[in-house]
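Taken in order, these protein sequences are the chains called R and E. The opening residue of the first sequence carries number 1 in our numbering; numbering runs sequentially from there. The opening residue of the second sequence carries number 1 in our numbering; numbering runs sequentially from there.
All clues given are correct.
Each computed SDA-like pair below joins lysine to any residue, with the alpha-carbon atoms no more than 25 Å apart:
hint : chain 1 : residue 1 : chain 2 : residue 2
1    : R       : 194       : E       : 19
2    : E       : 8         : R       : 138
3    : R       : 361       : E       : 98
4    : R       : 135       : E       : 15
5    : R       : 65        : E       : 18
6    : R       : 135       : E       : 134
7    : R       : 187       : E       : 67
8    : R       : 187       : E       : 48
9    : R       : 65        : R       : 185
10   : R       : 135       : R       : 14
11   : R       : 187       : E       : 12
12   : R       : 187       : E       : 59
13   : R       : 187       : E       : 72
14   : E       : 145       : R       : 254
Which bits of chain E does chain R cover? Going by a derived footprint, with three or more residues having C-beta under 8 Å, they are:
hint : region
15   : 60–69
16   : 124–131
Just so you know, these hints were derived from the structure itself, not from any lab. Even glycine gets a Cβ: it sits at the ideal position worked out from N, Cα and C.
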Amino acid sequence: MIRRPLTALIRPGEPPPGLRDYEAADGYAAVRGTLKDLQPGDVIDRVKEAGLRGRGGAGFQTAMKWGFVPQGEDAPRRKYLVCNADEMEPGTFKDRYLMEGNPHQLIEGMILAAFAIGAEVAYIFLRDEYPLAAKRLRAALAEARDGGHLGKDIHGSGFNLDIHLHISAGRYICGEETALLNALEGKRAVPRAKPPFPPVAGLWGKPTIVNNVETLCYVPHILRHGAEWFRGLGKGRDGGTKLYGASGRVRHPGIWELPMGTTMREIIEDHAGGMREGYRLRGVIPGGASTDFLVPEEHMDLPMDFESVQKAGSRLGTGTMIILDDKTCPVGMLRNLQLFFSRESCGWCTPCRDGIPWIEKTLAAIEAGDGREEDIALLHAHTRLLGPGRTFCAFAPGAMEPLQSALRYFEDDFRRHITEHRCPYANGR
Amino acid sequence: MLSDSERKAIEAELPLYERRRSLCIEALKIVQEHRGWVSDEAVADIAEFLEMGADEVDSVATFYNRIHRRETGRHVIYLCDSVSCWVMGCDRARDRLREKLGIGFGETTPDGRFTLLPIACLGACDRAPALMVGDELYGPLDPGKAEEPLENHE
Chain R
1 MIRRPLTALI RPGEPPPGLR DYEAADGYAA VRGTLKDLQP GDVIDRVKEA
51 GLRGRGGAGF QTAMKWGFVP QGEDAPRRKY LVCNADEMEP GTFKDRYLME
101 GNPHQLIEGM ILAAFAIGAE VAYIFLRDEY PLAAKRLRAA LAEARDGGHL
151 GKDIHGSGFN LDIHLHISAG RYICGEETAL LNALEGKRAV PRAKPPFPPV
201 AGLWGKPTIV NNVETLCYVP HILRHGAEWF RGLGKGRDGG TKLYGASGRV
251 RHPGIWELPM GTTMREIIED HAGGMREGYR LRGVIPGGAS TDFLVPEEHM
301 DLPMDFESVQ KAGSRLGTGT MIILDDKTCP VGMLRNLQLF FSRESCGWCT
351 PCRDGIPWIE KTLAAIEAGD GREEDIALLH AHTRLLGPGR TFCAFAPGAM
401 EPLQSALRYF EDDFRRHITE HRCPYANGR
Chain E
1 MLSDSERKAI EAELPLYERR RSLCIEALKI VQEHRGWVSD EAVADIAEFL
51 EMGADEVDSV ATFYNRIHRR ETGRHVIYLC DSVSCWVMGC DRARDRLREK
101 LGIGFGETTP DGRFTLLPIA CLGACDRAPA LMVGDELYGP LDPGKAEEPL
151 ENHE
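Isolated chain E, as found in the complex (with noise of 0.2 Å):
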């Protein structure tokens, strides 16, 4: 079952769309933000309240990359990929992070504080190489260094 909490923050954007079934991403994201990552039981959840399929909201969940339908660390690390940031060093920034969390893209660190994942350009192609924390953008990495943003996400 939804919390209180999650189905008001739903509720308060149901105005903003003509149908119901609309606030699927929303939804999703709600949840998501209350409890971290998107369960089997949240897609239920979810699905009951919107008065839709749960494999239907799981089609829309699985299609976005900023839904997690796996449980992830405390803070995802966005390191950017594209080409701008390739071209400035981003393999080595991975290569360096790999190094030092011992992780690769998808995987979580065993004490679960960072979860490494690839992003489409973050449009900061003139901070390049550039990655993101929570809210926080991080560029020009060196790629040496491409660890040192994180010691401010505990």
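Here chain R stands alone, though its shape is the one from the complex (with noise of 0.2 Å):
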């Protein structure tokens, strides 16, 4: 039984397999299968049974999403499908593991995406700093569209997919879907107002879905053996495996593909061979940036599955963990993540354009020594008042995860900052 679909075929340092190398080991073989055999709502109701969740960060049901979008007669012929791959999450590197790794894996699920939603065209967005991926998205498209995977009547089915690769000039907030659509339109990235969603209208007002790269590369694979071989994947309700890796002071930061709900002291002390000598875990960010910490004392049995880590106050995000040791400052930590949310605000709505860099200024106060006692109170009222409801994306409420769970965790270093006006970490690092 295959146990690591999404890296089966991936040699870190070596070029990614290409097309001959894919199709030897069955690749394209659930797009044969699918558009000689199956309709577009079969691909759907399988991926449902599968209970996939999108591995971007939010965790919604991919089927669900793709049943948002309009079809029969009255439904606009134009739609679209786009792959977000503009990974920027702070602490977050998979995407770029599996495009480097195995483009013709993504390609092959965009084709089955494209094909369940009715999609004719479709869309790469790709961070401008990943060439290598580029590079390699770019050669394996060509390969895919010689090998008749892409183009007019794939396989003699009548459907027509083109894949473009679009490179993305920047900025964090192309990320948000919406944010996403405006940057491929040409504009500024800036969220748009929800509903219509983008399932109804997204890109240039059609239909339009946004997956991301790890959730698409996994379509295959489900097409290919099944919803029970990919629930039995996963040890707890959320099936499938997950990429997990874990960066910051431990021995060997790293992406490990492991079966979801694996619990993070297998993660850090198994894959990522536990702390560098003289370093003690102090907090873990478990998916990026903009998720809640959690605390080794608390949290080490934790199985790391969408549930559970909001069960314990976080999310699994991204699933990249971002490790918090003993000799780093927490509030130098939560400084560095506000200074990167205030630079990357899109600067649209209030809270979020004028409040963050507020934050990051009290909070480089207290990191210098001039903080107030107040000013603990100062921010958690930040995290209410930039939290989920009161701004016009999950930006800030993004951001203020962090810090609410950081100011929970570790509030004696905020105050101790404070009344010894220096930083206890000063020599640390």
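The two chains are supplied separately, each in an independent frame; assemble them into the complex guided by the hints.
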């Protein structure tokens, strides 16, 4: 039985499998089989039965999203599929691994997803700083066209599909799906008002599905091996495997494909090799910069799946952990995170544009030993004022997640900076 | 006016997008590739070609951090200063570059060789701290020797 489908053909440090190697490993078999034997609705049903949840951070049911696309005679004829390959969530480096390591897998997943929703044009929205992924995707797209997997009347099915590679020009906010659509339309990447949601009115006003790289890469495997196989791969309720990662002061930072629901302990101790000599684990941001801290005292045996992490007060997010060690200042780390968010705010709505820089300045003052007692209450207030429902999109609420949890878990650190008028870690880093 | 090769490169992208003005970002990138950066004149040239207002084009140009509205050095050093690289010492790498090159973020060396800019997470967190010059990614850097990769870029 295949246990690590997404990374089975990936050989880090070596070129990715070309078309012939990929086909020899049953690549594009799902495309041939599906286009020949299945209807688009069947593809949606199988993905639904598997329970595939989006791997970009939010964990939305993929088949449900696809199901929102209007179908039938009255529906708009033109629809779009967009692959969100704008990986820029700090601490996240999993989609790069998939695109550089096996670009055909992503293309195959996109063909199947496009068939499911009835899109004849698809885009890969890739960040500008991934030139190697761009080069490999471009080569694989050309091979897929030559091999008859893309273009007109694919494998005699009557289904047409072109996939275009769009290279972005920067800015984290492009990862927000409606901002991404504005960027793809050549505009400033400011999020759009919702509703309407993209599956109804997206790119150029047409029904559009935006899916993450890892999500799309899973589709061929589900169609080839079935929903039951997929569900059996996970350890808890969420099926499949997940690309987990760890960075910071662990012995072996990296990416590993493991059963969904693998515990934090296993990931950090067995795969990342534990902490480096002389460092102790202090906290974990589990899934990219905009997720709440977890702490070793409470969460080492937490299964890292959507539901369990949410119950513990955080989010699985992208599944790539950022490790805080005992010699790194939590206040400094928070300040770094908020500096990132303040720089990347699109500036559209006031709480985000003005609130995050205010938070960053407050944290900088505390870090420098100039903080005041009332600053802690001020930071708490901002986590509410910039929380869900107060801003135009999820950017600011995401920025508040590491802050609100740090105020809870590392409150003593904040207080020590204020009472001692200095950073207790000043010589540690 | 756009040069022939700029115009051709932009026109090649036209069929991929529903509307002409959707090429705005592509056009900015193409012109930047040809001219090194995007001047006021370049903004006006693109606006004319895409049948847009110059202010509209500029509002897009100034939004995206990979579009340079100021002249840069021959090589732009993008030093990742996001959280994993920060934990692993990117501030020390930045200080070292300042010491060796005499420039901070947003500045260019007097000989026009390098411009130094911060960049959002390069997705190289397993190689932190990391920096990028051109298409080359370097990491993990020894923050005390952060200038070493620059030798490859005359």
